[in-house]
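What follows is each chain in one-letter form.
There are 2 protein chains.
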Amino acid sequence: MIKARGYATRHSFSRLKLFEFEREEAGTYDVEIKVLFCGVCHSDIHQAKNEWSNTVYPCMPGHEVVGTVTKVGPGVTRHAVGDMVGVGCMIDSCRECAPCKAGDQNYCESNNSWLATYNGPMVPAKKAPDGNNIYGRDNTLGGYSDVLVVNEDFVLKIPAGLAPEVAAPILCAGVTTYSPMKHWKVKDGDKVGIVGFGGLGHLGAKIAKAMGAEVTVFTTTKEKLDEAKRLGVAGVLEKDKEALKALKSSFDFILSTIPEKHDINPFVALLKRDCTLAVVGALEPLAPVNNQEVAFHRKSVAGSLIGNLADTQEILDFCAQHGIGPDIQLIPIQDINDAYDKVEAGDVRFRYVIDMASLATEAA
Amino acid sequence: MIKARGYATRHSFSRLKLFEFEREEAGTYDVEIKVLFCGVCHSDIHQAKNEWSNTVYPCMPGHEVVGTVTKVGPGVTRHAVGDMVGVGCMIDSCRECAPCKAGDQNYCESNNSWLATYNGPMVPAKKAPDGNNIYGRDNTLGGYSDVLVVNEDFVLKIPAGLAPEVAAPILCAGVTTYSPMKHWKVKDGDKVGIVGFGGLGHLGAKIAKAMGAEVTVFTTTKEKLDEAKRLGVAGVLEKDKEALKALKSSFDFILSTIPEKHDINPFVALLKRDCTLAVVGALEPLAPVNNQEVAFHRKSVAGSLIGNLADTQEILDFCAQHGIGPDIQLIPIQDINDAYDKVEAGDVRFRYVIDMASLATEAA
Chain A
8 MIKARGYATR
18 HSFSRLKLFE
28 FEREEAGTYD
38 VEIKVLFCGV
48 CHSDIHQAKN
58 EWSNTVYPCM
68 PGHEVVGTVT
78 KVGPGVTRHA
88 VGDMVGVGCM
98 IDSCRECAPC
108 KAGDQNYCES
118 NNSWLATYNG
128 PMVPAKKAPD
138 GNNIYGRDNT
148 LGGYSDVLVV
158 NEDFVLKIPA
168 GLAPEVAAPI
178 LCAGVTTYSP
188 MKHWKVKDGD
198 KVGIVGFGGL
208 GHLGAKIAKA
218 MGAEVTVFTT
228 TKEKLDEAKR
238 LGVAGVLEKD
248 KEALKALKSS
258 FDFILSTIPE
268 KHDINPFVAL
278 LKRDCTLAVV
288 GALEPLAPVN
298 NQEVAFHRKS
308 VAGSLIGNLA
318 DTQEILDFCA
328 QHGIGPDIQL
338 IPIQDINDAY
348 DKVEAGDVRF
358 RYVIDMASLA
368 TEAA
Chain B
8 MIKARGYATR
18 HSFSRLKLFE
28 FEREEAGTYD
38 VEIKVLFCGV
48 CHSDIHQAKN
58 EWSNTVYPCM
68 PGHEVVGTVT
78 KVGPGVTRHA
88 VGDMVGVGCM
98 IDSCRECAPC
108 KAGDQNYCES
118 NNSWLATYNG
128 PMVPAKKAPD
138 GNNIYGRDNT
148 LGGYSDVLVV
158 NEDFVLKIPA
168 GLAPEVAAPI
178 LCAGVTTYSP
188 MKHWKVKDGD
198 KVGIVGFGGL
208 GHLGAKIAKA
218 MGAEVTVFTT
228 TKEKLDEAKR
238 LGVAGVLEKD
248 KEALKALKSS
258 FDFILSTIPE
268 KHDINPFVAL
278 LKRDCTLAVV
288 GALEPLAPVN
298 NQEVAFHRKS
308 VAGSLIGNLA
318 DTQEILDFCA
328 QHGIGPDIQL
338 IPIQDINDAY
348 DKVEAGDVRF
358 RYVIDMASLA
368 TEAA
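Same order as they appear, the protein sequences are chains A and B. For the first sequence, position 36 (counting from the first letter as 1) is numbered 43 according to my numbering, and the numbering increases by one without interruption. For the second sequence, position 329 (counting from the first letter as 1) is numbered 336 according to my numbering, and the numbering increases by one without interruption.
Hints are computed from structural coordinates only; laboratory data are not their basis.
The list treats identical chains as one, so a pair stands whether inside a single copy or across any two.
Straight-line distance between alpha carbons at most 25 angstroms, and here's what the computed SDA-like set of lysine to any residue pairs gives: (1) Lys255 - His190; (2) Lys252 - Asp137; (3) Lys134 - Thr147; (4) Lys108 - Lys192; (5) Lys252 - Ala132; (6) Lys56 - Phe28; (7) Lys192 - Asp259; (8) Lys236 - Lys248; (9) Lys255 - Cys104; (10) Lys164 - Tyr36; (11) Lys236 - Ser257; (12) Lys255 - Pro295; (13) Lys246 - Pro295; (14) Lys108 - Glu300; (15) Lys133 - Lys255; (16) Lys194 - Ala109; (17) Lys255 - Ala105; (18) Lys134 - Leu254.
In isolation and in its complexed conformation, chain A is listed as follows:
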């Protein structure tokens, strides 16, 4: 076993603090990673606080992980000691269902769905139809730690052109916004709307722009209009009804990144005929959608969940090629609880990334 340290919480009402534990040694096909950086995703907060009612404690979040390979199992061929690598939301999937065979591990339809980097299988054994756990792990502990051991197939390569701390949020926020834009065929010259201008939204806007789209971001925060200008995209206040009216029926694709229940009707109205609004931020019931607007122009409201491994590698490489990446604020792990408060308040520009070197300085 490997001695490991990280930050975890034992209860929904507790704050994260130092947690010492052991990880399994790297098996035949596993890679041991010294974690250098880990992004802070809004999902981390939802999970730490059990807001999706599925948290297994202790909960150690972190699924935007970048580090260096320190050891590889004897069967590993894809990675070598010293490589800069990344781990996103998944560390395994069943590999046998139709989506897995099609390369869409993020839609794994096994009884337990995929194995999340933290919080165990997406469908826990007690909710699985047969009550089994194909991964043998009820819980997993994520990237808010000094070391991670992951099957090589679920380890991504960080391209040389990308700073490791900047690469981290691409592993979740990047692919979560890129995958639906790819799936719904966003192309050069398309008009793309991004609803919510936070961690996901700002990165989605940069990616859409690099894909050649004309991008408009919708935000509730007036101060963020300047940020939009700085990014070279249009910014509109969600409450600006006149501005929304002028944009009616003009978008080819809209991505909603708001991480909680919200009303998408004002944005559905902005879609062109036959176009799609995809919700990636909120995993819960949305406010009622008026089918009159949807049916009158044969629109669609869809959902999308992160992205598969190939898309994750693709967007990492794409960001390196285009010289784009998230705007990050590095923090020591000791500031994580304060960072959570700020993320919830929308007070971050735009993604916190934990500098894991801070962990080593803390006494047990």
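Model the placement of chain B on the given structure of chain A, informed by the hints.
This is chain B only, laid out in the frame that chain A set:
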């Protein structure tokens, strides 16, 4: 002017009764039609009672109209006196917008959208951005009448193999269910679900089956399970949770035909990954959709509105070729108010069609 008679209501709270009025003579490109049969659509009731808050009175419903051509304007080339023809939900559109040019008149994006067979432009002048009315008609009076005058382009041909009274509901209920199945590419061997087993649902089920799909209808009415069996399709009670559970993630396409606000979440769960549920029955806010189920399998919830002229002709011909059509109950127009009560109670098997000969027997 042509002297005309029909059934109309002057107020949302009134019942329909005999109404005498005048129609414009057929212009250069118009066809005058002696109405033989008119289907009774749930929309007729919504409109007569102003349930969509857009009714112009007097309201004379009827958009499933079949009759014989009695006169043609000098420029008419598509139809001749004596032809058996049909008129559906539309009698004109702008013909200039992108959807119209693409042949999708039902998604006309002019300021007034398309001109409905009854109740005037879909977007009335007072709601149009420029306050104009490109059709010059604030109201239109529909097929619950003895005569109709319609531009030839919006007049469909009733194929010889189809009884005129059976053809009538295909003009709305038929194309409303066929168009989305065509658009979302329902194909031989697909598993198709039809939610709601009324006028639209039963016809959609027959069409889907004729398209080669394996069809399951979902109904709240136990007695209708026998009707499903008679049609050769599977029937499931909506409240049968065990049956729904067994069907999870198994449908390629689901069509919801329920004509009022309803909860589609139980049916979204039945879709396969990457598949679509289209709502055609309800033109209002639906119950909140849980984005967790949608996102976890990249599903879509869409809407669709009737169908274009080409699809309408196509489904008329398809029904004639396959020897299918709606199950109808012929009624005299004098029974229309009673029929409305029964439609609202779900007590019709499956579509009322007015035999317009009954109108001639009524004294003024």
